[in-house]
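Chemist: For reference, the chains in residue letters:
2 protein chains.
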Amino acid sequence: MRGALMYGPGDVRVEEREDPRIEASTDAIIRVSAACVCGSDLWPYRGLEPHDWPAPMGHEYVGVVEEVGGAVRTIRPGQFVVGSFWASDNTCEICRAGYQGSCVNRINMGSLGAQAELLRVPLADGTLVATPEIPPDDMIPSLLAASDVLGTGWYAAVAAAAGPGKTVAVVGDGAVGLLAVLAAGRLGTERIISMSRIESRQRLAREWGATDIVEERGAEGIARVKELTGGLGAHSAIDAVGTQEAMMQAIGATRPGGHVGFVGYQPVALSGGDLFWSQVHLHGGPAPVRRFLPELIDLIWTRQIDPGKVYDLRLPLHEAAEAYRAMDERRAIKTLLRP
Amino acid sequence: MRGALMYGPGDVRVEEREDPRIEASTDAIIRVSAACVCGSDLWPYRGLEPHDWPAPMGHEYVGVVEEVGGAVRTIRPGQFVVGSFWASDNTCEICRAGYQGSCVNRINMGSLGAQAELLRVPLADGTLVATPEIPPDDMIPSLLAASDVLGTGWYAAVAAAAGPGKTVAVVGDGAVGLLAVLAAGRLGTERIISMSRIESRQRLAREWGATDIVEERGAEGIARVKELTGGLGAHSAIDAVGTQEAMMQAIGATRPGGHVGFVGYQPVALSGGDLFWSQVHLHGGPAPVRRFLPELIDLIWTRQIDPGKVYDLRLPLHEAAEAYRAMDERRAIKTLLRP
Numbered sequence: 001m002r003g004a005l006m007y008g009p010g011d012v013r014v015e016e017r018e019d020p021r022i023e024a025s026t027d028a029i030i031r032v033s034a035a036c037v038c039g040s041d042l043w044p045y046r047g048l049e050p051h052d053w054p055a056p057m058g059h060e061y062v063g064v065v066e067e068v069g070g071a072v073r074t075i076r077p078g079q080f081v082v083g084s085f086w087a088s089d090n091t092c093e094i095c096r097a098g099y100q101g102s103c104v105n106r107i108n109m110g111s112l113g114a115q116a117e118l119l120r121v122p123l124a125d126g127t128l129v130a131t132p133e134i135p136p137d138d139m140i141p142s143l144l145a146a147s148d149v150l151g152t153g154w155y156a157a158v159a160a161a162a163g164p165g166k167t168v169a170v171v172g173d174g175a176v177g178l179l180a181v182l183a184a185g186r187l188g189t190e191r192i193i194s195m196s197r198i199e200s201r202q203r204l205a206r207e208w209g210a211t212d213i214v215e216e217r218g219a220e221g222i223a224r225v226k227e228l229t230g231g232l233g234a235h236s237a238i239d240a241v242g243t244q245e246a247m248m249q250a251i252g253a254t255r256p257g258g259h260v261g262f263v264g265y266q267p268v269a270l271s272g273g274d275l276f277w278s279q280v281h282l283h284g285g286p287a288p289v290r291r292f293l294p295e296l297i298d299l300i301w302t303r304q305i306d307p308g309k310v311y312d313l314r315l316p317l318h319e320a321a322e323a324y325r326a327m328d329e330r331r332a333i334k335t336l337l338r339p
Numbered sequence: 001m002r003g004a005l006m007y008g009p010g011d012v013r014v015e016e017r018e019d020p021r022i023e024a025s026t027d028a029i030i031r032v033s034a035a036c037v038c039g040s041d042l043w044p045y046r047g048l049e050p051h052d053w054p055a056p057m058g059h060e061y062v063g064v065v066e067e068v069g070g071a072v073r074t075i076r077p078g079q080f081v082v083g084s085f086w087a088s089d090n091t092c093e094i095c096r097a098g099y100q101g102s103c104v105n106r107i108n109m110g111s112l113g114a115q116a117e118l119l120r121v122p123l124a125d126g127t128l129v130a131t132p133e134i135p136p137d138d139m140i141p142s143l144l145a146a147s148d149v150l151g152t153g154w155y156a157a158v159a160a161a162a163g164p165g166k167t168v169a170v171v172g173d174g175a176v177g178l179l180a181v182l183a184a185g186r187l188g189t190e191r192i193i194s195m196s197r198i199e200s201r202q203r204l205a206r207e208w209g210a211t212d213i214v215e216e217r218g219a220e221g222i223a224r225v226k227e228l229t230g231g232l233g234a235h236s237a238i239d240a241v242g243t244q245e246a247m248m249q250a251i252g253a254t255r256p257g258g259h260v261g262f263v264g265y266q267p268v269a270l271s272g273g274d275l276f277w278s279q280v281h282l283h284g285g286p287a288p289v290r291r292f293l294p295e296l297i298d299l300i301w302t303r304q305i306d307p308g309k310v311y312d313l314r315l316p317l318h319e320a321a322e323a324y325r326a327m328d329e330r331r332a333i334k335t336l337l338r339p
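Chains as they are written, first to last, in our numbering: chain A, 1 to 339; chain B, 1 to 339.
So that you can see chain A by itself, here it is in the shape it has in the complex (with noise of 0.2 Å):
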């Protein structure tokens, strides 16, 4: 099969790699209808994070069930699927509470590279949620989108407890940050304050739920969310960047009391007394997207959000380089390829 490799930092090549095969009893073998590149692969794409190489890319997938192992229950051959980044078995106690990204079996997708024409997925129950039906070729962006960045920015509102009454700072409008928009507006949250300086994405920021957009940061950013709430700073804000910045903005434009969800990962020093003194309420990480799967493909297989609409960019899978390239020098918010 075909699928994307990166040689080091810059090099991306689409080659020849060995068909994924059934290893385990609980794998499931999908073929990808279609994948992505995330922001998180720029890291080592950049040189920002060490690698051996050559190294299988892409961790964001959809496609249809090929073959399962023989201990698989609820997924078929032929079912159309979707997955998170983390293979999970979905039964242990974190799991059950809503961690499944740190499911003790938890096996990192990315380390198997889903932008490839075949996949396999661990823990194949526990992992793949089913479409209704095979959705139409329309939906697949939706549908890849919850797989990760829509999962992500769901996590991320859910995380600041974003939801009716409430006012929510988004610092950040990458794909995440947009979509966290969207989720928090899906959780009917009263106010929805987009920190974008984009004027393409702060349109869709406000197509999906966006009230209020501050072009500020750091500290006039902080003032501006205050003067937009009473002098108090919003419920609830979310990091959807993951700078030292992006963080100290969220924390600084939440009122005490308040929330903050973080997603976005990067090395980020926390001062205890800043925390001490905000009073706010931190949580985030890497998004458990297994546990919102099966609310977000119902409401993208009923229409009633089109989280697709991210990827502003789609090409070929054997544009892999040119995807990569596209999203480092941010002509791209996100790129979606089709094997």
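Rather than coming from a laboratory, the hints here were simulated on the basis of the structure.
Please read these numbers as outputs of a predicted model, since none were measured by experiment.
No residue lacks a Cβ here, since even glycine has one placed at the ideal position from N, Cα and C.
A couple of the hints might just be wrong.
[Stated by the list, open to error] Here are a few chain A residues that face chain B, going by a calculated C-beta distance under 10 Å:
(1) 10
(2) 101
(3) 269
[To be verified] Covered stretches of chain A, going by a simulated chain B footprint (3 or more residues, C-beta under 8 Å):
(4) 91 to 98
(5) 252 to 261
(6) 279 to 286
[Claimed, not checked] Far from chain B by the CB rule (all over 12 Å, computed), these chain A residues:
(7) 53
(8) 274
(9) 317
Chain A is fixed; fit chain B onto it per the hints.
Modeler: Frame of chain A; chain B shown alone:
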């Protein structure tokens, strides 16, 4: 009146100070029945906090109302009252959300000096809670504990989401840690692991509901908590110390999706990566004691709890210097002062 003044690190004197008087129509003047020395009073005592000298000391107090300003409506002269270490209006949006320690009109009671015969309490209606009658003498230590350490331990347990079905690990066996054990117990927590090395404190922890004692610290302490919890970690942990080691021990001892409550303040540096992968909920800061006062006074009044036991040294006010020395040298968990 007589009151404690700190003239510099290690130098506490009880001297004649000017009697406080009503300055704002929302003030009350109380005759202090008991005050005490807080762990945080030891920061300036140890030279760890800059200060203008001499400084009036003390922010924990119970007493009898002598006089109220013209705008005070709910507090009357002759009532026995308990207050928090922040004066708060208890009517602003932040107070109504339960975060009176961040009241938009808050005043730090420490700046007024509760280790004295008389004390001015600003925002009396919002700050003070009266007991049903004048309490019997043996109940005064417990009511005084409600003013800070009990309220702080209670907040830590609530911030850590302690409750039925949960296992909670408590890092720290000072007054706040021990009272966090008591609080977790009252909140119905199934299993309470007290992390303590001192036999007398372990005994009090057990009396107040600790089911397990862990003497190990750091990585070994974390490993021991995991061993006691099927390898997963506790559902919740409380940092009742406020050092880097205690905070990392609390985060490390908590399972993904669990809750960490922290109430001890010291300059802790948190790596976003540690927090990101831990997947814990983090909440804490200066306790909004006022939120809990009515409930805590009721539990004490009906003799359901006896938090006054944390005062293992009780001295007359004029021996305040010895009260500080005893706590500084760890001869006492907490010292009560009676004017």
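Chemist: Give a verdict on every hint.
Modeler: Cross-check of the supplied hints:
no., hint, in the structure
1, 10, "25 Å, violated"
2, 101, "7 Å, holds"
3, 269, "6 Å, holds"
4, 91 to 98, "holds (count 4)"
5, 252 to 261, "holds (count 3)"
6, 279 to 286, "holds (count 8)"
7, 53, "23 Å, holds"
8, 274, "9 Å, violated"
9, 317, "30 Å, holds"
Comparing the model with each numbered hint stated earlier shows that hints 1 and 8 do not hold.
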